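Visitor: These protein sequences, in sequence, are chains X and E. Position 71 (the first sequence) corresponds to 71 in the numbering used here; numbering is contiguous. Quick note, the numbering used here runs 302 ahead of the 1-based positions in the second sequence.
FYI, nobody ran anything at the bench for these hints, they're computed from the structure. Predicted, not measured: the structure shown is a model, and the values here were computed from it. Cβ atoms here follow ideal geometry from the backbone N, Cα and C, with glycine treated the same way. Accuracy of the hints is not assured; some may be wrong.
The following residues of chain X were derived to be distant from chain E, with all beta-carbon distances above 10 Å [claimed, not checked]: (1) 24; (2) 38; (3) 107; (4) 148; (5) 155; (6) 156; (7) 163; (8) 241.
When the alpha-carbon atoms are kept at most 20 Å apart in a straight line, the in silico EDC-like pairs for lysine to aspartate or glutamate are as follows [to be verified]: (9) E:346 <-> X:148; (10) E:487 <-> E:469; (11) X:248 <-> X:268; (12) X:298 <-> E:408.
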Amino acid sequence: MKLRSARVHREAVGMSPATPWLFVAPATLLVVATILTPIVMSGWISLHSWSMLTPLSAMQWVGLDNYATIFRDASFMRALGNTAVFAGAFVVVAVPVALVMAVLISRSRARGARVVLALLFTTYVIPTVAVALLWGYLLSPRGGPVNELFKLVGLPIQPWLGSPRTALWSLVLLTIWQYLGYFTTILVAGLTQIPKEYDEAAEIDGAGPVRRLFAITIPLLRRPLTFATAICLINGLGAFDAVNVLTKGGPSDSTNVVTLHAVRTAFDYGQAGRAAAMTMVLLIGVVVAVGGVLLMSKDLQD
Amino acid sequence: MDRLRRGVRGIPATVLLIAAGAFAAFPLFWLVASALKRPEEITKLPPVWLPAQPSLDAFGEAFRLLPIGSAFLNSFLIAGLSTAAVLATSVAAGWAFAVYRFRGRDQLFLLLLATMFVPPIATLVPLYWLVQSAGLLDSIVGVLVPQLANAFGIYLIRQFARGVPTELLDAGRADGATEWQILRKIGVPLLRPAIATLAMFAFVYYWNAYLWPLVILQSPDNYTVVLLVNQLLSYTTAVKYANVIYAGTLLAIIPNIVLFLWVRRAYSDMGFSSAVKG
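With these hints in hand, go ahead and build the complete structure from the sequences.
Guide: This is the structure we're talking about:
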């Protein structure tokens with residue numbers, strides 16, 4: 001405590017009080033100009049009727065009409081539901097599987113474990129557009145390699161992206177493939193911070209691997225788990241790339257998601273006010289979902 | 303006996319690891335194998351798993367059909383300049399948040415951190431309008447506008463910089479160094495693993511960007527590699543071009559993979575452990 005205050009004192013003597021502000025100013029001004037201001041503008045635009053092609057002054061105030069319209073629009077409601085299912089399935093599968101992989105990799109003494117980690121992470125650096133193109137071929141219903149493998153092992157072949165019943169799940173599958181290694185890497189890094197002795201002591205006391213996972217690893221891994229879950233939710237709720245490349249929301253709206261719907265509303269139909277309302281709804285959804293995760297993780301802490 | 307028991311218990315774990323490795327590797331294998339196939343092999347049903355005579359023809363064809371050179375140049379410019387800007391703004395801000403105490407510091411940091419959770423679509427309409435009003439549509443500068451600072455970068459650098467011992471900075475001050483010199487001469491060398499990790503993430507992120515360049519860039523001359531891959535889709539109806547599409551896709555992902563392997567080699571855990579600790 002004493003050391004800390006001495007440090008503050010020295011800083012106060014040694015430098016102008018403006019110095020820290022000069023250091024943070026470029027990043028702060030850019031974030032304010034390119035993220036915070038646009039969010040406020042988005043909120044304002046969502047209360048107007050406006051096509052992006054006209055000047056801002058041509059906007060017409062419509063109050064909450066855009067919100068009333070989109071909540072009555074069956075297609076948007078469907079997109080909202082698909083987005084929630086997509087993000088939910090992504091989080092529920094990707095984070096637990098990443099946790100198991102991370103525990104196995106960090107406990108394993110085999111050199112191959114690190115190779116598996118590098119291989120898993122490689123998929124994360126690939127552009128989603130390329131991931132989508134590749135998986136479009138892999139999942140091709142007729143003669144695609146995945147269905148061929150299914151035939152080999154005796155599983156029923158699937159229509160994948162071609163059927164409203166399976167298309168959204170196919171997108172979940174390729175998204176998990178893309179992100180699994182990223183989440184695993186975050187959790188492996190978190191595991192290196194936990195002393196091995198905790199786990200070994202519990203093992204000596206007779207706790208099995210599942211018990212140790214829940215009693216020791218998960219509580220101690222709270223921070224990276226929260227981080228991974230939050231990132232997973234944001235990417236899931238904001239998904240656009242693969243959907244736009246592979247299905248454009250089809251077949252029959254089964255993969256339409258909020259981002260795609262908003263982009264089309266703004267750029268294809270010239271209804272930027274309505275699109276802004278959709279993005280505000282999505283933003284609120286993200287805030288609620290991520291906020292919920294952060295609160296849950298706080299509860300775990302106490 | 304104990305060793306035997308351990309060995310037997312390790313089997314499910316090994317099987318799971320191999321399964322995960324195969325899950326990650328199979329699509330990559332398929333991509334490379336298909337890019338090396340000849341047209342007569344790529345059109346076969348059921349598919350040929352391995353090309354009988356691997357050939358680089360598809361790559362030549364990709365270069366012939368597509369403006370790959372200019373797309374690579376555009377992508378390198380956009381990803382490179384964005385990364386440089388993000389590094390500069392993040393190192394300065396992350397450092398200040400970690401080593402100085404000033405009024406409103408924690409509130410400002412939380413505000414910036416919160417923007418990490420904003421989905422890009424939430425800012426798309428106003429940003430598009432701003433870029434349009436500035437006359438920057440269909441230009442690389444227009445793409446760069448929102449890519450110069452980033453909350454994740456500030457967070458990563460700050461987490462890492464918090465581990466820098468105060469004594470080092472005080473020693474610098476005692477020698478009469480200014481705060482700027484302390485950052486450059488003491489901070490930056492210590493932050494190298496974090497800077498390399500951030501550089502990789504930023505480059506990969508901006509190289510892979512799709513929606514923003516898609517709405518800003520219109521003429522094919524200005525296309526990035528990702529937009530070119532997107533355009534390849536229009537060829538997917540022609541089965542005989544499939545190997546060319548695979549080849550183009552493979553080319554598009556090579557820079558990121560090289561960058562990742564290089565950073566991983568230099569900094570094995572890529573500065574992640576500091577990013578996730580308290």
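Visitor: Of all the hints given earlier, name the ones this structure violates by number, lowest first.
Guide: Of the numbered hints given earlier, those the structure breaks are 1, 2, 3, 4 and 8, listed in rising order.
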